[in-house]
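Asker: Residues per chain are reported as follows:
4 protein chains.
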Amino acid sequence: MGSPDDNRLRFQLRFTPARVVRRKKDGFVSEEIRKNFASDNVTPICPEVMAALIAANEGSVGSYGEDDLTRSLNERFGEVFETEVAVFPIATGTAANSVALSALVSPYGAVLCDESAHINMDEGGAPEFYMHGAKLICIPSADGKVDPVTVPPVLKSNAESGILSPVIQALSLTQANEWGTVYSPDTLAELSRIAHEHDLSVHLDGARLGNALAHLGCTPAEGTWKAGVDVLSFGGTKAGAMAAEAVVFFLNDRTRPLMKNFLRRIKRSGNLWSKHRFLSAQLLALLQNDVWLKNAVHANAMAQRLVDGLRRHAAAQMPYERQSNEVFVILPDLLLKDLEEAGYGFYRWPTPEGVPGTLIRLVTSYYTRPEDVDALLAEIAA
Amino acid sequence: MGSPDDNRLRFQLRFTPARVVRRKKDGFVSEEIRKNFASDNVTPICPEVMAALIAANEGSVGSYGEDDLTRSLNERFGEVFETEVAVFPIATGTAANSVALSALVSPYGAVLCDESAHINMDEGGAPEFYMHGAKLICIPSADGKVDPVTVPPVLKSNAESGILSPVIQALSLTQANEWGTVYSPDTLAELSRIAHEHDLSVHLDGARLGNALAHLGCTPAEGTWKAGVDVLSFGGTKAGAMAAEAVVFFLNDRTRPLMKNFLRRIKRSGNLWSKHRFLSAQLLALLQNDVWLKNAVHANAMAQRLVDGLRRHAAAQMPYERQSNEVFVILPDLLLKDLEEAGYGFYRWPTPEGVPGTLIRLVTSYYTRPEDVDALLAEIAA
Amino acid sequence: MGSPDDNRLRFQLRFTPARVVRRKKDGFVSEEIRKNFASDNVTPICPEVMAALIAANEGSVGSYGEDDLTRSLNERFGEVFETEVAVFPIATGTAANSVALSALVSPYGAVLCDESAHINMDEGGAPEFYMHGAKLICIPSADGKVDPVTVPPVLKSNAESGILSPVIQALSLTQANEWGTVYSPDTLAELSRIAHEHDLSVHLDGARLGNALAHLGCTPAEGTWKAGVDVLSFGGTKAGAMAAEAVVFFLNDRTRPLMKNFLRRIKRSGNLWSKHRFLSAQLLALLQNDVWLKNAVHANAMAQRLVDGLRRHAAAQMPYERQSNEVFVILPDLLLKDLEEAGYGFYRWPTPEGVPGTLIRLVTSYYTRPEDVDALLAEIAA
Amino acid sequence: MGSPDDNRLRFQLRFTPARVVRRKKDGFVSEEIRKNFASDNVTPICPEVMAALIAANEGSVGSYGEDDLTRSLNERFGEVFETEVAVFPIATGTAANSVALSALVSPYGAVLCDESAHINMDEGGAPEFYMHGAKLICIPSADGKVDPVTVPPVLKSNAESGILSPVIQALSLTQANEWGTVYSPDTLAELSRIAHEHDLSVHLDGARLGNALAHLGCTPAEGTWKAGVDVLSFGGTKAGAMAAEAVVFFLNDRTRPLMKNFLRRIKRSGNLWSKHRFLSAQLLALLQNDVWLKNAVHANAMAQRLVDGLRRHAAAQMPYERQSNEVFVILPDLLLKDLEEAGYGFYRWPTPEGVPGTLIRLVTSYYTRPEDVDALLAEIAA
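Chains as they are written, first to last, in this note's numbering: chain X, 4 to 385; chain V, 4 to 385; chain Z, 4 to 385; chain G, 4 to 385.
Chain X with its partners taken away, still in its complex shape (with noise of 0.2 Å):
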């Protein structure tokens, strides 16, 4: 595709994706053993999605979200949620978390995130597009978790610089976040309350919100607006969509204003789809029968299996608690070279110096099967 000069992708020089393609198997053609781990979002549409987009597809509906799946969506997800809400289907989690931030903060604010925050680091600063050039004030964290102490003082500072400094007007987490580390209920919930008592919206990205879920044990309304979360970026696409994220307003007295003319920002970004059932079809398939969250703890279950394995090597150093689907783990470089010449696909991370060998990610996903982490855990001891 496209402009051969691009530099497209982190890291992309040093992937190679797994091509290993033989035989049938839970419903796809498939790769005999999934080699690839580079992320969630390598895998197929999940079979429960792609049965609902076949089902959507008959006679004529009204476009841009003038159809009945479209219309069921507030619904399904106020049952999900416990609560009512106003949801907007969009097909990428970089606009659904753009777009969102845009109706949260005026051109002339500031949104409060941590440094390694995907809205920060992996967005090709779609954020400040969608914001007019709103600015991300960014706290550094060691896990990729905001402390809540280290709150307080960046918005009295902030206040006090009054005019000179963009105001920040919400506080963006991201649940699960970047380093595959969780947010406990009572922590998101304090993190609310301090924003809330400064007049900051509280936005969570929940491009992996299945997986943390999954982690901590609770509701998708404990997880959320019970814990103080006004509008959620709802993530799809990774728990097993072709291109389905939300977002998911709470209804409070914060968001109903904020939540004015939405659809229009939606359209002026050209995210609305004149056919939308096909986007709304896949949120209920994932909806439907909680096949999101049995998704989420399947790849959970899988990232746990391949930490247990990793652990059996005195050489694997693993610097952060495995909380999601994601794995972190220092290899030695001549390991990791092996792997990808066995067709072993995965990204390579920035490496704290003085540490040998490499940070690697292993992402596992609803597609990863137990006999997919031992392979690899196989290849790994060899």
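For the record, the hints were derived by calculation from the structure and aren't laboratory data. Watch out, some of these pointers could steer you wrong.
All copies of an identical chain are treated as equivalent in the list; a pair is satisfied when it fits inside any one copy or across any two copies.
Said to hold, decoys possible - Heads up, simulated DSS-like pairs for lysine-lysine below, C-alpha to C-alpha not over 27 Å straight-line:
no., residue 1, residue 2
1, 263, 229
2, 297, 229
3, 229, 340
Given the coordinates of chain X, assemble chains V, Z and G onto it according to the supplied hints.
Answerer: For chains V, Z and G alone, coordinates are given in the frame of chain X:
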């Protein structure tokens, strides 16, 4: 979906979508009579594209376009358009137009277009958003087509205004345009010649390019770059896809610098799918065996069948020549009410003053069958 | 200054500024005959404003508006306009209009204005930049004035377009406008009434407000908020200042929420002077003893003197009634050439087809003397 | 001025401006003792600039820069900087920095700078606004200076992130910077070399360039383009002007394409004065007889006098070396209270934890006299 206070759609309140769904026919469980003529985007996904989505759903592949389907796009489009191209898939037409234009003009620049153009009237301000506030400078016309003689005076006046007016840097044309009429390749070439002489690049909004080509009987090459078009928004959704358009750069000395970093613009606007294969698969399916053109030929024929029938009704006035798959017709208000009660879907359009009745738009598609047209005509005759 | 490739100014090549500078008169070392009628911004600073700048240049004071002169602005403007106001000084009219409009409309919104409006034709796209891509939706007119009867249909069509069209949230009027004509307070009030009924706020571009008030013979209050104006761009530069305009919010229920954080908008757009007293001093000097209005009365009288003289020339055609300090007149091309050779400065305007000669604009100011007008008339008569 | 709910200025509540104004001295009716050390922008206009404003106020001249003063800028600045330049006057430093950066980076790009940089901390988000949402990527430092060894790793990481991170296209340095320290020409040259190797252009925020040059004892050329600087924000306001900065492009192969249409950017951002001569006159007056540098030499000497005096006080801790006209000193809180009660003006700064007292900033200027410094020192000693 979403906010109840949004005034969602043009003339929405009057629109009653057809809901009579009964039995299986040509692959769809579908309406016995397809009564929704509101747009070519109320239709389902055509069988070839759906098959391609299913076929693409196998195994892990690189994300963000690092997959074999995406890698084949440039070559495949190059074959169809008989020249070297760079292709960037995008889910919606609004985003495709807008991100394309953002590469052609500076934020302090302007785009020249017809006043009726989709980018000016129907995209919710997306072009201005993507272009960071660059201006659309519009020329009025009777039939939605920019008349070449009107262009040089506007460019002269723009040049004379110097820095007081945003500098026009691109000409955007729509083919087929909002009134369903079509530029001849000669007129396109004349407009492109004028544009290039004044250092403007030429963008073609081809949301219904197939319908225009089907009407003109010319090749994709003759209807685009051979007539001077530099950048095309290739329309897939209305041609039968789920959600798939493409920005196609025809490579030449003007376009090569403009497309630099184009993928960054796509990522930054939230348009880059992680599971990118499913965007590419749709486009490839449309090109395979000329599905897009065959669908367009069929849609045009259905529109002509409709025109032929309407001509037999004294009350029906058709202000524009039918040249694609859109039919504009003025019908008595009582008749329109009857049609709506019978379940027919269509949009009302602003009607010239003093004319009895109301101007409506009837759009056909690959999904419209002769019996559907005949049923509508019979309803009108009744 | 700067880049040689910029096409700097409208009709610049034909403009030869008067350069005959000889002797001192009324405080200025100045041209014997003042021949530059190109604009009211080719003039020097009027004596009262210059005296105020010198007077303000004493001692250290707080920066960014924390000075006594600035602190007195709200009260002083409040006296002149006979109501409670919030005043924000800004150096240029383009910035004042643009930052004002950015507070009245959302980025997904639109401003309704006359097609000839300065914000649409002469500000280099600044309104769109400051409004983050919000759109100007323009109504054509014969004389630069929005006709009240044309407004409701545009608002109705905009509402019916729903999310497909940016929502019109403000009406911007120009007083006096680009063709030198002036709204009556009754017409202003009628336009404001329509605007407010549709939830639009009303902005008045008053770069030449003094000239309009001088023509109408009404008070500043009658010509603005009593006629429904919510926000005014108060023009100081053309009235005699060096570089000083002001955004004036007339406080009411509509404007109070809009002006929230307005100072942030000013800072963020680079318009906040650190040595702010020198901006405020200019404005206060104009208000003191009604200098701005006296200057306007004089400028208008000089324009009328010019009109009276031109009427005696058969070849002179004046398409618009003289209502402020701008005179539009069609004169034979040979005569214009002679005027330029004699050192006269003026701008050519696009001339209606079929008319012999060229339309030019002659602008008078506080700095124009009767003998200057008479000299020009004599030159034309010769 | 304006809205009462704006939180206007950093630490404003603690700031009590000196108000003791008594008698005439050196041209000013002024404070007996000048007690306002809050900033170098609390000062009046220096006599040479005021004289130039008065001198420029003669006769009609072309507007928007079509005047002789403006026409002479390129040559005059070229003499001072000993190279070919293109000069664009702008009233405020925030606007000068922001419009300059907007020419150096694409909206999808980024600027690399020190975390403490004025563009990051003190300009209310103006750079992001002017750059249409391009990002500031910041490097932390101890003393406000980017350390050359920290740059390559950031550029490497940025390149590896590919399209996921906005591409760094410019390096912005501040001279003298926010902590009053100064880059040596060698360090500047080293930073520029790294930047140019990576296709970054180099911007210098020279709001206090004169103070830096005065400290370094090098020529303007040695301190800028000979050390690799491509574009300079030349600071005039703090050097004695009313409101006058300039964007200075040092012409080379990198800058020539970047400055294309730069005047359009100035107009579009509302920064183009119609009575442009008064902006140019200020700058010319500063250059004439090296007024800007002489003022800087004096200001620096006054700062050194202050440092010398403070060193005699055991309680005074100065964390940074005095290299320009800013003195940072930690003083006991009781003393600060006494100083404020005595009418002294200064800003409090965030103070490192565990240190007794508070960090304050004391700024000297052309307007500070030895007796003013001595009076302050005496007050502290008392």
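Asker: Now, for every hint given, state plainly whether the structure supports it.
Answerer: Hint-by-hint comparison with the structure:
In the homo-oligomer, the alpha carbons of residue 263 and residue 229 lie at most 27 Å apart inside one protomer (23 Å), although the nearest pairing across protomers, at 31 Å, exceeds that limit. For a Cα distance limit of 27 Å, the shortest separation of residue 297 from residue 229 inside one copy, 22 Å, qualifies, whereas the shortest one across copies, 54 Å, does not. In this homomeric assembly, residue 229 and residue 340 never come within 27 Å of each other (Cα to Cα): the closest approach is 46 Å inside a single copy and 46 Å across copies.
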